Amino acid sequence: MSDKIIFATGNEGKMKEIRLILADLGAEILSLKDAGIDMEIAEDGKTFEENAVIKAKAVMKATRALVLADDSGLEIDYLHGEPGVYSARYLGEDTSYRIKNQNLIDRLEGVPEEERTARFVCVIAAAFPDGRVLTARGTIEGIIGYEERGEGGFGYDPIFWLPEYGCSTAELTMEKKNELSHRGKALRAIKKELEREGIR
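Using this note's numbering, the first residue of the sequence shown is number 1, and each one after it goes up by one.
The hints are simulated quantities; they were obtained by calculation from the structure and are not laboratory data.
Just so it is clear, the structure is predicted and the values come from calculations on it, not from any experiment.
All C-beta atoms in this analysis are idealised placements derived from N, C-alpha and C, irrespective of residue type, glycine included.
One thing to keep in mind: the hints can contain errors.
[What the hints assert, rightly or not] Distance ranges between label pairs, derived from CB positions: (1) LEU25 / SER96: 39 to 49 Å; (2) LYS46 / GLU179: 23 to 33 Å; (3) ARG107 / PRO129: 37 to 47 Å; (4) ARG132 / ARG200: 14 to 24 Å; (5) GLU109 / GLU141: 20 to 30 Å; (6) VAL111 / GLY198: 47 to 57 Å; (7) ARG132 / THR47: 41 to 51 Å; (8) ARG107 / ARG132: 16 to 26 Å; (9) ASP106 / ASP38: 32 to 42 Å; (10) ALA62 / GLY13: 45 to 55 Å; (11) LEU79 / ASN11: 32 to 42 Å; (12) ALA88 / GLU113: 40 to 50 Å; (13) ARG89 / GLU193: 25 to 35 Å.
[Stated by the list, open to error] Computed list of lysine-lysine pairs in DSBU-like fashion (alpha-carbon distance at most 35 Å, straight line): (14) LYS100 / LYS14; (15) LYS14 / LYS57; (16) LYS4 / LYS177; (17) LYS61 / LYS177; (18) LYS57 / LYS4; (19) LYS61 / LYS4; (20) LYS192 / LYS177; (21) LYS46 / LYS33; (22) LYS16 / LYS191; (23) LYS33 / LYS61; (24) LYS33 / LYS4; (25) LYS57 / LYS100; (26) LYS176 / LYS33; (27) LYS16 / LYS100; (28) LYS176 / LYS4; (29) LYS16 / LYS176; (30) LYS176 / LYS191; (31) LYS4 / LYS192; (32) LYS46 / LYS61.
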């Protein structure tokens, strides 16, 4: 039904995870760059779902292809869900994650472990050329660590601590991360939806 799927991201770290999980769909998975698309999309939704749908529909309208888009972020309970949908733009889009991570650690200084609960959330939207849209959500629960740990992953991974594994998400193997992560869960859920649509 579809020999190519465009994933609306330019993030190569994300594309590695996406290609691994969607590999057996049989469709070629293209990033925006692969597809030669360079467009600014205003992500002005109030929820992860709204932003994912905005991105997927905008690229689908430009390409008339099946487009997947995700919106993901970190919700910290003690900070009332911050940075949330603003995770990528927190402290400015061009600010390094080392600075963002340190800022969050500083804001939680003195906060006991049981109040450092947080989760990564990922919503993936699939926009079909016929105008239909499907969404899937995945989450992973953890706590905010006291320092950056690990060189794997990207973004907030080094400060996201998984107590049951005794490590940060930046210390997980790629296979384990794909199994546990919010994006991995959302990708597997949307993959099931696509398979139901006959995309294999």
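**Prompt:** Against the structure shown, which of the earlier numbered hints fail to hold, in ascending order?
**Reply:** Violated: hints 1, 7, 8, 10, 11, 12.
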